[in-house]
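Asks: Start from the sequences, fold in the hints, and give me the full structure.
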Amino acid sequence: MLKSKFTELLSSRRGRSENWICVRVTRLLNAAKQNPFLQTMYSSHMVNLRVLISLILQYQEHLSRLEENIDALTEEMEEYDLIQSIPGIGPKIAATILSEIGGVDRFDHPKKLVAFAGIDPSVFTSGKFTATRNRITKRGSRQLRYALVMAVQCGLIRSRNLRLKDFYDRKRGEGKPHKVALIACANKLVHWLYVLKSKKSFRIA
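Just add 8 to the spot in the sequence shown (first one is 1) and you have my numbering.
Derived from the structure by calculation, the hints contain no laboratory data.
The beta-carbon is built from N, C-alpha and C at its ideal position, and this holds for glycine as well.
Hints may be right or wrong, so weigh each one.
As the list claims (entries may be wrong) - Dumping the calculated BS3-like pairs for lysine-lysine here, alpha-carbon to alpha-carbon at most 25 Å:
hint, residue 1, residue 2
1, 173, 196
2, 119, 184
3, 100, 208
4, 146, 119
5, 207, 179
6, 146, 120
7, 13, 120
8, 208, 120
9, 187, 119
10, 41, 120
11, 187, 100
12, 173, 146
13, 100, 120
14, 146, 208
15, 207, 120
16, 41, 146
17, 179, 196
18, 100, 184
19, 119, 205
20, 207, 184
21, 120, 187
22, 119, 41
23, 184, 173
24, 146, 207
25, 196, 184
26, 100, 146
27, 119, 179
28, 173, 119
29, 13, 119
30, 173, 100
31, 205, 187
What the hints assert, rightly or not - Computed beta-carbon distance windows for the label pairs:
hint, residue 1, residue 2, range
32, 113, 42, 51 to 59 Å
33, 111, 73, 24 to 32 Å
34, 38, 117, 49 to 57 Å
35, 42, 174, 42 to 50 Å
Replies: Written out as structure tokens, the structure is:
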């Protein structure tokens, strides 16, 4: 029963294998056996538990409907498929990026899109002093910035995006901290997003 419910909620579209579901079901059952209220469960506890489970299932159903709406909206968008040609960008990240950008034609230069994402370095000057170490501005779209960083991290996992991995390793070799190298990769990724203008898929080589 529990396994079938997991399978129903976690469709193959989410990339959850049969083994993944079995492991989670086993963990959940083991956790249930360690329930401290097992011997002292009051009727009020059961009422609260049923309400919480009902809320979780309602949220899950709501999220599923949202995903269906996203799929319907992006089905005929050429950019949706093009942007996923960049390793590390999946359906959800692609949808987030496109919804936040609202059309790459709005930006006549990649640097303006970089600024919109808030991953451009801030510049601090005072008199004749100019700082040599600056943080990113974090202006613009927080959701876009998050999506770009997630895309970078997904691209680096198992070296899915070899060009991005080489760029990251080069930055780390220059002595850049991990977070700084990630932002540099996100900046690079923004420039690659301009494949949307040329209507061409991303190429590794």
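Asks: Against each hint, give a clear statement of whether it holds in the structure.
Replies: Now the hints, each set against the structure:
| no. | hint | in the structure |
| --- | --- | --- |
| 1 | 173 - 196 | holds, 11 Å |
| 2 | 119 - 184 | holds, 21 Å |
| 3 | 100 - 208 | holds, 20 Å |
| 4 | 146 - 119 | holds, 14 Å |
| 5 | 207 - 179 | violated, 29 Å |
| 6 | 146 - 120 | holds, 14 Å |
| 7 | 13 - 120 | violated, 46 Å |
| 8 | 208 - 120 | holds, 21 Å |
| 9 | 187 - 119 | holds, 20 Å |
| 10 | 41 - 120 | violated, 55 Å |
| 11 | 187 - 100 | holds, 23 Å |
| 12 | 173 - 146 | holds, 24 Å |
| 13 | 100 - 120 | holds, 23 Å |
| 14 | 146 - 208 | violated, 30 Å |
| 15 | 207 - 120 | holds, 20 Å |
| 16 | 41 - 146 | violated, 46 Å |
| 17 | 179 - 196 | holds, 12 Å |
| 18 | 100 - 184 | violated, 29 Å |
| 19 | 119 - 205 | holds, 15 Å |
| 20 | 207 - 184 | violated, 34 Å |
| 21 | 120 - 187 | holds, 22 Å |
| 22 | 119 - 41 | violated, 55 Å |
| 23 | 184 - 173 | holds, 14 Å |
| 24 | 146 - 207 | violated, 29 Å |
| 25 | 196 - 184 | holds, 15 Å |
| 26 | 100 - 146 | holds, 22 Å |
| 27 | 119 - 179 | holds, 20 Å |
| 28 | 173 - 119 | holds, 22 Å |
| 29 | 13 - 119 | violated, 47 Å |
| 30 | 173 - 100 | holds, 22 Å |
| 31 | 205 - 187 | violated, 29 Å |
| 32 | 113 - 42: 51 to 59 Å | holds, 56 Å |
| 33 | 111 - 73: 24 to 32 Å | holds, 26 Å |
| 34 | 38 - 117: 49 to 57 Å | holds, 55 Å |
| 35 | 42 - 174: 42 to 50 Å | holds, 47 Å |
In summary, the structure is inconsistent with hints 5, 7, 10, 14, 16, 18, 20, 22, 24, 29 and 31 from the numbered list given earlier, while agreeing with the others.
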